[in-house]
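Start from chain A and add chain B according to the hints.
Letter by letter, the chains look like this.
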Amino acid sequence: MESTDSQKQSKIQNGIGVQHYATQLGTFDEMHAKEGQLLPHWKYLMEAFDRLGSEGIERRRKDAERLLRETGVTYNVYDDPRGTSNPWQLDPIPLLISSEEWLSIERGLIQRVELLDLILADLYGPQELIKKGLLPMELVYSHLGFLRACTDIPKPPYHHLIIHSSNLARGPDGRMWVLDDRTQAPSGAGYALENRTVMMRILPSLFRDTQVHRLAVFFRGLRSGLANIAPQNKEDPHIVVLTPGPLNETYFEQAYLAAYLGYTLVQGDDLTVRDGKVWLKSLQGLQQVDVILRRLDDTFCDPLELRSDSRLGVPGLLEAARLGNVAIANPIGSSILENPGLLAFLPAIARHFLGQDLKLPSVATWWCGQSREREFVLNNLDQMVIKSINRTAGSHAIFGANLSQDERRDLSARIHAKPHLYVGQQQVSFSTAPSYVEGQVEPRHAILRTFQVARDRDYVVMPGGLTRIAPQKGTFVVSNQAGGVSKDTWVLASEPEKQVSLWLQPQRGQRIEPLAGPLPSRSAENLFWVGRYAERAEASARLMRTVLQKLQESREFHDPNDLACLRSLLPALTHLTGAYPGFTGEDAKEKLEDPKEELTSLALDLTRDGSLSFTLQSFARGAFSVRDLWSSTTWQMVDKIQQKWRHTQEPQKIGFGRLEDNLNRLIINLLAFSGLTTESMVRETGWLLLDIGRRTERALCTIALIRATLVPRHEEVVENQLMEAVLTTSESVITFRRRYRAFMQLPTVLELLLLDEKHPRALAYQLHKLQQHIQVLPREQSLHRLNPQERLILETYTDLRLTDVLSLLEDSEEGIYHKLDAFLSQLTDQLWQLSDVITQTYFSHAQTSQLGEPSKVEEEL
Amino acid sequence: MNYRVIHKTVYEYSGPVGLCHNEARLKPREIPNQKCLNTEIEIEPFPTDYLERLDFFGNRIDYFSIQQPHEKLIITATSEVSISPQQNLFEFGNDLVWEGVRDRLRKDLAPEILKALQYTLDSPMITVNEALAAYGQTSFQPGQPLIASVRDLMHRIYTDFTYDPEFTTIATPLAEVLEHRRGVCQDFAHLAIACIRAQGLAARYVSGYLETLPPPGKKKLVGSDASHAWFSVYLPDNGWFDFDPTNNKMPTNQHITVAWGRDFSDVTPLKGVAFGGGKHKLNVSVDVSKISG
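For the record, the sequence lines run as chains A and B. Quick note: the first sequence uses our numbering, first residue 12, plus one each step. Quick note: the second sequence uses our numbering, first residue 3, plus one each step.
The following block holds chain A by itself, in its conformation from the complex (with noise of 0.2 Å):
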């Protein structure tokens, strides 16, 4: 077909290059199988790709760039935000694998991992392979993945490798082969879930049409697969994640899995070990865990058998997993299996259990404790990347054709010394996939990571995959941490496939209790910091917007009642934030007179305690280590709040104008997320600790204004002036003037912030919420007693329901209120003890572990 002059042109502009797509030679590359000529399954895609043209491509890679960090994917709050932080990248375009190919890729995994189960199995047991002499010896002895602590923990009913995931390439013959292997706490299968949700609302239609196979299998696998270990309560068990924290650079996929398979997350301090039982401390007391599907490395795991200086893991631990009251997946001792050596003895061993050659050939690898293989490896250097066995923090490849004479010498001379340590491999190119780079579609090598999951008695695999391109042509470094990028992996299917629910259906006649949704004792002190510190930032950005709008007032008008007002508001802000010395030390004089550069400072510096930035952090910071807690709509306005605070400002060139603006912007965002909370968690102990968080903090913040401002005593007209702020501030004045019309005295004003249990800003509507809270809490004593929260927060608010707010007023000398200012003292002294006696009944997880040191050996002779 003929296009016309013109309509070429706009092609070329808006075209996505797919004509000049150049693979290059020598490499296979997935959307050709000759130059020029596309695979047929690929042409659907492509020419929908087409259609859309740079500028269709391009709006969804940025939405999918959105909904990312939206979700949490690029997400890190220890990163500096400018910094060094690679945020997640995802290709628009998959990589495709028609039907009939996955077939055999998926026949290769099953196999794969029935195989590494075995061996497993063996090596943690009889050792035939070794007495036979299938597998040295000193290969396995030497790896430090062999944990001698593991040799007799029972193994779960069918497999004792649940999951596992290999990375595959194409070589330049079109085979696939298995680069590596994962074992003992394989990552990237909830980042392969993420990107496809990401795919399927970026390009929805595209997905739909192209009849792709759905993920969902995998994951019931792996629920069904982790329930069948559960050495007891199989019906039901009690799941959890075992996460190592907030600062792990997969932490994000850790809670997204927690949350869609229904998990509680935990880290090693959720965990205690008593009676031989594995238990979460939870809110609601000890509660037994049955399976634990964890993502810390094998040694961190007890740090009384394995690395004793892991802070991560579980004190008793494999003595639990021993004794078979706890099931543990990947079992404890996996990672002997993510030894480079052992490929070049899979394919006997392959026929050794099963009878069969390897379906899937794993790179070309020669260990060098054999002296042939080694005498090959070092004379074909050039061809050769050397690897150690351990993969160990000082350890990388080394490219043999990369090294001078004298590191070729070093080399040699290290193999030499301890040939067992050592393989070499051959160098491997692998294919190329068409990707999306800066307007045009480009080749990159790309690698795919599967995912197996022992399910009862046979594997599943996950229907697609990770795919990872490297991001600069030709190389084929590919990797999260070189900033590389991502893909869907779509396999075809040859007719369209029914949507599969991850949800479980129980047996007949089961009867499912509902689990009171266990909370991990550290989430619970989380949320209670959430609730605090959102409610101090909230609190901080109102005074902060009213000073800045006195400030303007005084400006405008000159009035000195507007200068008096401010000299009781600006060291009102640091009270409130606690930012000391601030607007309160010895050289106040001067900063109230030019205040700009202490607010400044108090809204944006981030290195500075009690600052606007730095709670908002802090806020950040709590909400992010109970990522999995919230709905995702939350935690969009949890990173809402933290992007637009933090990424839009720079602290020299912001002006008042545009720092009020931006206060008005982040109150309503921080109003969203507690609306949201409000709406959207269930009214159980997570959601209470959150409010009691919320709660208390806002009787603190209440107080302090008022101390800050009215306490002392001011003429009568910066008296009102005040009186309004406070009422601005905290969001009272249309309240106000519906209830007592235009008259503003001070007692009025002090009943409504005050004593008002209707109105949700006042003092005692918040101890009145603490008090209905704290009844409900989870409880160890006997319902007749009062614990001595309870009798805390009835004493305070009993307090303040009997107070009389004239009678606080008579009597004042000195130029303050002195008896409303011993009142408010009194009820910030016990609000602060009703927060430690809540943090120690529900947070006292908090107990650190010690180490008793080994003695060293003396002798006398």
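It is worth saying that the hints were derived from the structure and are not from the lab. Every residue, glycine too, gets a C-beta built ideally from N, C-alpha and C. It is possible that part of the hints are untrue.
[Unchecked claim] Listed next, the stretches of chain A that the computed footprint assigns to chain B, with coverage defined by at least 3 CB atoms under 8 Å from CB atoms of chain B:
| hint | segment |
| --- | --- |
| 1 | 313-326 |
| 2 | 674-688 |
[Claimed, not checked] Think about it this way: if two alpha-carbon atoms lie no more than 20 Å apart in a straight line, the pair counts; the simulated EDC-like pairs of lysine to aspartate or glutamate are:
| hint | chain 1 | residue 1 | chain 2 | residue 2 |
| --- | --- | --- | --- | --- |
| 3 | B | Lys273 | A | Asp286 |
| 4 | A | Lys429 | B | Asp124 |
| 5 | A | Lys288 | B | Asp51 |
[Said to hold, decoys possible] Label pairs and their in silico Cβ distance ranges:
| hint | chain 1 | residue 1 | chain 2 | residue 2 | range |
| --- | --- | --- | --- | --- | --- |
| 6 | A | Leu258 | B | Pro71 | 28 to 34 Å |
| 7 | B | Ser16 | A | Val787 | 35 to 41 Å |
| 8 | A | Leu805 | B | Ser16 | 35 to 41 Å |
Quick look at chain B alone, frame taken from chain A:
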């Protein structure tokens, strides 16, 4: 010869410990020339969980946890053993040449040999390097019997190195021990094992006790003994032979074997993780005495 050993460990904490998990390797092994007549561990406060099992190396290991708050933990292991002199090297096997042993370890798939082969490899606390290999080399002359070579190595360590409990801690690397020629029994055992493994031979670490005798005319002080450590070398068809480099002798019937492993990290007598407790103070005393048998 019969002995009674009392090994007492006291942890004192500045605050209460709410929960602790512990592992003890304090009970003597049963071996051909050592019979364990009686052994028990007393723990105060009384543990909630207590389980005995054998570890990977066949050592007796006691796991226990205490769930009640405590500020003091006392572990007393009392054992009675009977030792008969063995190590009869002069009858047979003593002339096996070390190179022959080295090669046989790598050719033979016999279970005994495979088991011994693991003790030729580096271990958590013993990484062979050139300097260690060079030091040991002198003792392994071509064509020499293994036992004679190891005896020579033991003798050299005994004469070249100074016993100095002030110099090393548990974390002192072997390189430093070699450089300064100082250390204690544990360092000397580790050093000898490194030298032997550097030659491709199998050597393991043995922990136990040795009776100490008071100076002539003086009364023995209670608790003056201590744990001791030495090493053992594998000779195919003959088994393992012990050497004590700290005392320059091959143990006969005064060394009480508790446990063995690749190095000290496999046989730590007592380790634990405690929750709470603040600072802790540790006090260990050992008494070895002859008893009539």
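Each hint, compared with the structure:
no., hint, result
1, 313-326, "holds (count 5)"
2, 674-688, "violated (count 0)"
3, B:Lys273 <-> A:Asp286, "19 Å, holds"
4, A:Lys429 <-> B:Asp124, "10 Å, holds"
5, A:Lys288 <-> B:Asp51, "11 Å, holds"
6, A:Leu258 <-> B:Pro71: 28 to 34 Å, "32 Å, holds"
7, B:Ser16 <-> A:Val787: 35 to 41 Å, "38 Å, holds"
8, A:Leu805 <-> B:Ser16: 35 to 41 Å, "36 Å, holds"
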